[in-house]
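From first to last, the protein sequence lines stand for chains A and B. For the first sequence, numbering that gives the first Met the number 0 assigns the number 0 to the initial residue and increments by one for each residue that follows. For the second sequence, numbering that gives the first Met the number 0 assigns the number 0 to the initial residue and increments by one for each residue that follows.
Read the hints as simulated data drawn from the structure, not as lab findings. Computed from a predicted structure; not experimentally measured. Treat the hints with caution; some may be incorrect.
[As the list claims (entries may be wrong)] Heads up, incomplete: computed chain B residues facing chain A, CB under 7 Å, no partners named:
(1) Val21
(2) Leu128
(3) Ile162
(4) Arg165
(5) Arg166
(6) Gln169
For each residue, glycine too, the CB sits at the ideal point set by N, CA and C.
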Amino acid sequence: MRRKRRYLVISVRPPDSVDGQKAFEALKDSVRKLFGEVGLLSSDLRLVRGEGHRIVVRCSSDQTWNVVFAATLVSEVDGKKVALDVVRVSGTLRKVKGFLAGDHS
Amino acid sequence: MRPYADIWWRPTSPDLLREMLVLAREMGYRAVAVEGDLTGAPSVEGVEVLRRVTLRPKDVGQLYSQLSRLRWRYHVVSVIPPSREVAMAALRDNRVDTVVMLGDEPIPVDHHVAEVARAAVEVPLSRLLEEPERSLSWLLRSARWFRRGRVRVTVSSGACGPIELRRPVQLASVLIVAGVEPEVARRAVSDLPYNVMRENSLRLAGLMDPSGVWEVTER
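Pulled out of the complex, with its shape left as it was, chain A reads as follows (with noise of 0.2 Å):
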């Protein structure tokens, strides 16, 4: 059975402090820590857009929670300090698409 996904937009602020590769990796870094490996492995997350000060993230659905969790708690990356702000959580990249569009900068 297919997996269900959330697709989660994230706003890194201050904009243009840190490059989206490096907020996911922050990301990233922040689930490993806070729920292992393994959680890091059963949230399936993936970046999908990385640029500009805000990025788009994919994770498994019965995770979304502990991702924005994760997100709430980087306030630091490479040094400079930065929050993730999750703006947006959708079911679907056509959605999201949609949101990016319609600016919400």
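Got chain A; can you put chain B on it based on the hints?
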């Protein structure tokens, strides 16, 4: 739409407060409680700013004297107890709005606490950011009482600046990962803190008496 509220901010300057308020409006907060001097505090349309005091009494006697002196000068009164004895006294006192059990020495929530608690237990995110392991350990042990609804719980940011602010859904996630039902967690960052602030505003304005009864005047 839910009235999201953050019950603890502690900005160090009016400029920081302004930045935080603009951000809070974007994030969907409707009310915030700020610790510290609010003279000349900026206002941002759509976000209500209320006064909060955080008491750090050494013993029960000092707690009571601080409460009798300060209760009706602030919209939100919180207590960070140094010991279990003070925590129990604060939890059962109806002049206290929230008790931060997750202080430097976390005090576990157990069935004794659940028996007497009238005030809500406050979980500040800032403590989780400072000391994640210790704080999470406390949270996981205490969550069963929040789950059962025996003890009211609220999550605040405890933010000193904009970088420490998080969206309401992220504050709620703190409780959800500990096993609290999503609806209870959402109420912990919306209805519960918002109603505490709203009712205390009415009391301070003389529209409600301290026991929660509306003052009605004939025209």
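Status of the hints after comparison with the structure:
Hint status for Val21 of chain B relative to chain A: violated, with the closest Cβ pair at about 12 Å, above 7 Å. Among the interface hints, the one on Leu128 of chain B holds; its C-beta lies about 5 Å from the nearest C-beta in chain A, closer than the 7 Å criterion. With a least beta-carbon distance of about 5 Å to chain A, the hint placing Ile162 of chain B at the interface is held under the 7 Å criterion. With a cut of 7 Å, the hint placing Arg165 of chain B at the interface with chain A holds, because the nearest CB-to-CB distance is about 5 Å.
Taking 7 Å as the C-beta contact cut-off toward chain A, the hint placing Arg166 of chain B at the interface holds, the least distance being around 6 Å. Look at Gln169 of chain B: its Cβ gets to within about 4 Å of chain A, closer than 7 Å, so that hint holds up.
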